[in-house]
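Student: What follows is the residue order along each chain.
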Amino acid sequence: MQAIEEKLYKENGYNLHLIQSKKYKTINIVVKFKTPLEKETITKRALLNYVLQQGTKTHTNARELRTALDDLYGAVLSIDGGKKGESHIMTVRMEIANEKYLSSNDDIIEQAMNLMNEIIFHPKTENDQFDSKIVAREKQTLKQKMESIVDDKMSYANMRLIDEMCNDEPYHLHVHGYPEDLDSITAANLFEYYQSLLVNDQMDIYVLGDIEGKSINKLAQSKFSREQSVNKVPQQIKTKKIAKIKEVKDEQVVQQAKLHLGYRTNILFKDPEYFALQVFNGMFGGFPSSKLFMNVREKHSLAYYAASRIESHKGLLFVFSGIDPNDYHKAKDIILEQMELMKQGDFTEEQVEEIKNMVVNQMLETMDHPQGLIELLYHQILADTQIKPDQMIEKIKQVKKDDLLKIGEKIELDTVYFLTNKGGNENEKN
Amino acid sequence: MKKTNYEQLKEVVYSEKLDNGLSVFLLPKKEMAKTFGIFSTDYGSIDQTFVPIGQEEPITVPDGIAHFLEHKLFEKEDRDVFQDFTKRGASANAFTSFTKTAYLFSATSSIEENMQTLLDFVQDPYFSEQSVEKEKGIIGQEITMYDDQPDWRSFFGTIQSLYQNHPVQIDIAGTIDSIAEITKDDLYTCYNTFYHPSNMSVFVAGNFEPESMMKLIKDNQSKKEFPVMSDIDRSFPDEPVEVAKKKHVIEMPVSVSKCLVGIKENVKDDSTEAFLKKDLLVDMLLDHFFSKSGEFYQELYDKDLIDNSFSFESNLERNFGFSILGGNTQKPDQLAEEIKGMLLKLKDFSLNEEQFERIKRKKIGHLLRAMNSLEFISTQFVHYNLLGIDLFEVVPAIEKLSVEEANNFLHQWIDEERIAVCQVIPSKG
Numbered sequence: 001m002q003a004i005e006e007k008l009y010k011e012n013g014y015n016l017h018l019i020q021s022k023k024y025k026t027i028n029i030v031v032k033f034k035t036p037l038e039k040e041t042i043t044k045r046a047l048l049n050y051v052l053q054q055g056t057k058t059h060t061n062a063r064e065l066r067t068a069l070d071d072l073y074g075a076v077l078s079i080d081g082g083k084k085g086e087s088h089i090m091t092v093r094m095e096i097a098n099e100k101y102l103s104s105n106d107d108i109i110e111q112a113m114n115l116m117n118e119i120i121f122h123p124k125t126e127n128d129q130f131d132s133k134i135v136a137r138e139k140q141t142l143k144q145k146m147e148s149i150v151d152d153k154m155s156y157a158n159m160r161l162i163d164e165m166c167n168d169e170p171y172h173l174h175v176h177g178y179p180e181d182l183d184s185i186t187a188a189n190l191f192e193y194y195q196s197l198l199v200n201d202q203m204d205i206y207v208l209g210d211i212e213g214k215s216i217n218k219l220a221q222s223k224f225s226r227e228q229s230v231n232k233v234p235q236q237i238k239t240k241k242i243a244k245i246k247e248v249k250d251e252q253v254v255q256q257a258k259l260h261l262g263y264r265t266n267i268l269f270k271d272p273e274y275f276a277l278q279v280f281n282g283m284f285g286g287f288p289s290s291k292l293f294m295n296v297r298e299k300h301s302l303a304y305y306a307a308s309r310i311e312s313h314k315g316l317l318f319v320f321s322g323i324d325p326n327d328y329h330k331a332k333d334i335i336l337e338q339m340e341l342m343k344q345g346d347f348t349e350e351q352v353e354e355i356k357n358m359v360v361n362q363m364l365e366t367m368d369h370p371q372g373l374i375e376l377l378y379h380q381i382l383a384d385t386q387i388k389p390d391q392m393i394e395k396i397k398q399v400k401k402d403d404l405l406k407i408g409e410k411i412e413l414d415t416v417y418f419l420t421n422k423g424g425n426e427n428e429k430n
Numbered sequence: 001m002k003k004t005n006y007e008q009l010k011e012v013v014y015s016e017k018l019d020n021g022l023s024v025f026l027l028p029k030k031e032m033a034k035t036f037g038i039f040s041t042d043y044g045s046i047d048q049t050f051v052p053i054g055q056e057e058p059i060t061v062p063d064g065i066a067h068f069l070e071h072k073l074f075e076k077e078d079r080d081v082f083q084d085f086t087k088r089g090a091s092a093n094a095f096t097s098f099t100k101t102a103y104l105f106s107a108t109s110s111i112e113e114n115m116q117t118l119l120d121f122v123q124d125p126y127f128s129e130q131s132v133e134k135e136k137g138i139i140g141q142e143i144t145m146y147d148d149q150p151d152w153r154s155f156f157g158t159i160q161s162l163y164q165n166h167p168v169q170i171d172i173a174g175t176i177d178s179i180a181e182i183t184k185d186d187l188y189t190c191y192n193t194f195y196h197p198s199n200m201s202v203f204v205a206g207n208f209e210p211e212s213m214m215k216l217i218k219d220n221q222s223k224k225e226f227p228v229m230s231d232i233d234r235s236f237p238d239e240p241v242e243v244a245k246k247k248h249v250i251e252m253p254v255s256v257s258k259c260l261v262g263i264k265e266n267v268k269d270d271s272t273e274a275f276l277k278k279d280l281l282v283d284m285l286l287d288h289f290f291s292k293s294g295e296f297y298q299e300l301y302d303k304d305l306i307d308n309s310f311s312f313e314s315n316l317e318r319n320f321g322f323s324i325l326g327g328n329t330q331k332p333d334q335l336a337e338e339i340k341g342m343l344l345k346l347k348d349f350s351l352n353e354e355q356f357e358r359i360k361r362k363k364i365g366h367l368l369r370a371m372n373s374l375e376f377i378s379t380q381f382v383h384y385n386l387l388g389i390d391l392f393e394v395v396p397a398i399e400k401l402s403v404e405e406a407n408n409f410l411h412q413w414i415d416e417e418r419i420a421v422c423q424v425i426p427s428k429g
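From first to last, the protein sequence lines are chains A and B.
Residue numbering for the first sequence follows our numbering, beginning at 1 and increasing consecutively.
Residue numbering for the second sequence follows our numbering, beginning at 1 and increasing consecutively.
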């Protein structure tokens, strides 16, 4: 295995990150646009993910664009939006076959960069605005997406937990936007917003694969140069004082209830304690050997899944479990007890070593996946800090039991969210 | 140990069939951090009726037992095997499909110890009444979780409307009622019959030395004794060519309806070569007409019948096969009729050279992309191997396909009697 070498070039209007690797049979090109999360723009940004895939100046409808991608040995294009901490990230990804594995000599990467340039900078327009038919149709697609979230109970419960927990913080904003904001969006104002996004968002370009001997820098310069680069002041994430633990219950027609808990870790990616937090989360609920899995599932047979994960740029920790509606109190008590045991240090140095190995293993595995590696590297941009993957692994290896105890002191329960069956759990015995 | 060099894909596979019948395949990939090992048996949810080892008469076991067995194999008298892996920073998992049960680990260190653990825990069952009872609560929650997922309900509902008798229509996890009947003796019966090395294979891919890995596996196996095994006698009911019911409607508390159309594929009596061609062509043709660059996708999209949840998949096995396409829709009846109409008129289409060349390129590109993943390579290799196909020969096989073969297949692919529809619609009241 080779060490990950990320070469960073700060260019006019963008950062170019080049990662040479022989691990993959493909080349990944990823362009990320970052801006602060805002209610005013989130629905527009959600809609742009769909509109930009509907055609370009030369490939004037979705089918022609997809055909052009097919011709590039089935290049895979995706555009999506996500929130990391209090930033919104729009990501345009293209993955292409590396011609080294094909019996042809086409210069696929140059063609791919051309196509990326078209998709991002020259979308299909009419009269200096987006095609109004496309915008109308994609509004409908997005609306259907918003409506279908409630049909995926795990995502829905997660969204509701964050709604309640972060109701006065930008982090609660829904990544798919809001139906009531759709009406006021037009082909003209959406295009206008997109032009400002192209100027103002921070742009990072990643190219990953066996790219030795290809002049990516020159290609990028000709395809992605922008008029100006705007250096935004890094965002300050405020920590919120918890006045009272919130308990929220929703009722729907479901077979299985979802019990989700939200904690505040008060620790962000750039903080020195971040790596101990990762180990803490691993011990608490990150793996099948964690306290949550061992107790909620294996010992008490209450759930098929019971796990936790952290949000690295907002300082949150979430617990997820799917249980019988009648087991609310029992499951909640067991989960709270596991956190209490974590805080009390109910684990050995040996167990800490095991979990550290697991976290390192997970990170190395993530780096074997092209998209996983890019996401891992992008943390540095999000946190406005510099730390190489090798250094991250080193930091995890240095974590000791005492460090976890200090993490425990910082973690606070904020909200308990329960999605349960209508007419639910009244006759439960504890 | 046999060494096969695949020049175009720059991969080398080492293989050997051991004395006890176990098939072993090794794919060293030094550039990867991790190693992925998968130990799988040719035994899945469809293997419901069979003659147990050492007996004469066939029996039928409760629905969901292969999956139940998979859960229980991790538990030993004194410990949970998950912990043996996690102690070394490795992760373990398992899955049960219609035709296979597989146990796997991935690790970036202590590869040999983890490999020993994988081989040993799968070959050393411990089932007790108490632990079988405990698992019923956990699997019960797994079943209710799926019951709440409209995607799963519509997918399975489609299979149930395609098949009349074949056990592919039985939910892989079974039902709360069927798993209640499972006993530890049932588990041993299934285990002893289907977990014989001659019915199993090991595939390891990643960062390791092939010679020492092969030696480790051989040494491990030579220390264990297994009874002599003849071919397993499995029986499947006769399945008519036509679907069980043309339309199946599931009412659920959903906000957006779903509509899927299923094609019951005709796979009986195909040679291995014919099977692979069919396997590839079904996928490539669905992609040509129904992916985002496809004529039919665009038409459905323009008519406001689909959104980008629309997808298609096909699953061809030795004695059953199906393709399923569809997604979220506001007009489930109209979408069903449109898709059916499109499928039926495929008989009148013919692809030209240029179109078919593009289809082939796309398929090859996607296969290379999938091959970035050790998990994909490993599971797909095992899947194809059971069908007598070599995964690394698939790219040349695609390159060799001709437009005439594609058109011949297209012209006899679909019949109305092999099409069924399944819809999930919002429940009333």
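Don't read these hints as lab results, they were simulated from the structure.
Among these hints, one or two may not hold up.
Keeping only pairs whose Cα atoms sit at most 16 Å apart, straight-line, the calculated EDC-like set for lysine to aspartate or glutamate is [to be verified]: (1) Lys-87(B) to Asp-210(A); (2) Lys-397(A) to Glu-273(A); (3) Lys-30(B) to Glu-365(A); (4) Lys-87(B) to Glu-353(A); (5) Lys-7(A) to Asp-390(A); (6) Lys-29(B) to Glu-365(A); (7) Lys-136(B) to Glu-298(A); (8) Lys-143(A) to Asp-304(B); (9) Lys-397(A) to Asp-333(A); (10) Lys-406(A) to Asp-271(A); (11) Lys-401(A) to Glu-365(A); (12) Lys-100(A) to Asp-78(B); (13) Lys-340(B) to Asp-390(B); (14) Lys-410(A) to Glu-251(A); (15) Lys-17(B) to Glu-211(B); (16) Lys-292(B) to Glu-273(A); (17) Lys-397(A) to Glu-354(A); (18) Lys-395(A) to Glu-353(A); (19) Lys-299(A) to Asp-78(B); (20) Lys-10(B) to Glu-412(A); (21) Lys-299(A) to Glu-135(B); (22) Lys-10(A) to Asp-384(A); (23) Lys-292(B) to Asp-71(A); (24) Lys-34(A) to Asp-107(A); (25) Lys-422(A) to Glu-251(A); (26) Lys-133(A) to Glu-7(B); (27) Lys-244(A) to Glu-412(A); (28) Lys-10(B) to Asp-210(A); (29) Lys-17(B) to Asp-304(B); (30) Lys-100(A) to Asp-302(B); (31) Lys-22(A) to Glu-11(B).
Student: So if I understand the rule, the pair passes when the alpha-carbon distance is 16 Å or less; does Lys-100(A) with Asp-302(B) pass?
Tutor: At roughly 38 Å apart (the allowed maximum being 16 Å), Asp-302(B) and Lys-100(A) break the hint.
Student: Between Lys-10(B) and Glu-412(A), is the straight-line Cα distance small enough, at 16 Å or below?
Tutor: 52 Å, violated
Student: Does the structure keep Lys-397(A) and Glu-354(A) at a Cα separation of 16 Å or less?
Tutor: 11 Å, holds
Student: Would the hint linking Lys-17(B) and Asp-304(B) be met if the CA-CA limit is 16 Å?
Tutor: The hint is violated at about 54 Å.
Student: Does Glu-365(A) lie within 16 Å of Lys-30(B) when you go C-alpha to C-alpha?
Tutor: 14 Å, holds
Student: Below or equal to 16 Å on CA atoms is what counts here, so check Lys-401(A) against Glu-365(A).
Tutor: Status violated; Cα separation ~25 Å.
Student: Holds or violated: are the alpha carbons of Lys-136(B) and Glu-298(A) at most 16 Å from each other?
Tutor: Given pair Lys-136(B), Glu-298(A) holds - Cα atoms ~11 Å apart, limit 16 Å.
Student: Is it true that the CA of Lys-422(A) sits at most 16 Å from the CA of Glu-251(A)?
Tutor: 5 Å, holds
Student: Assess, step by step, whether the Cα of Lys-244(A) is no farther than 16 Å from the Cα of Glu-412(A), and give holds or violated.
Tutor: 11 Å, holds
Student: Is the straight-line distance between the alpha-carbon of Lys-17(B) and that of Glu-211(B) 16 Å or less?
Tutor: 15 Å, holds
Student: Is Lys-410(A) close enough to Glu-251(A), meaning Cα to Cα at most 16 Å?
Tutor: 32 Å, violated
Student: For the pair we were handed, Lys-133(A) and Glu-7(B), check the Cα-Cα distance against 16 Å.
Tutor: Status violated; Cα separation ~49 Å.
Violated hints, listed in ascending order, are 1, 9, 11, 12, 13, 14, 16, 20, 24, 26, 29 and 30; each of the other numbered hints is respected by the structure.
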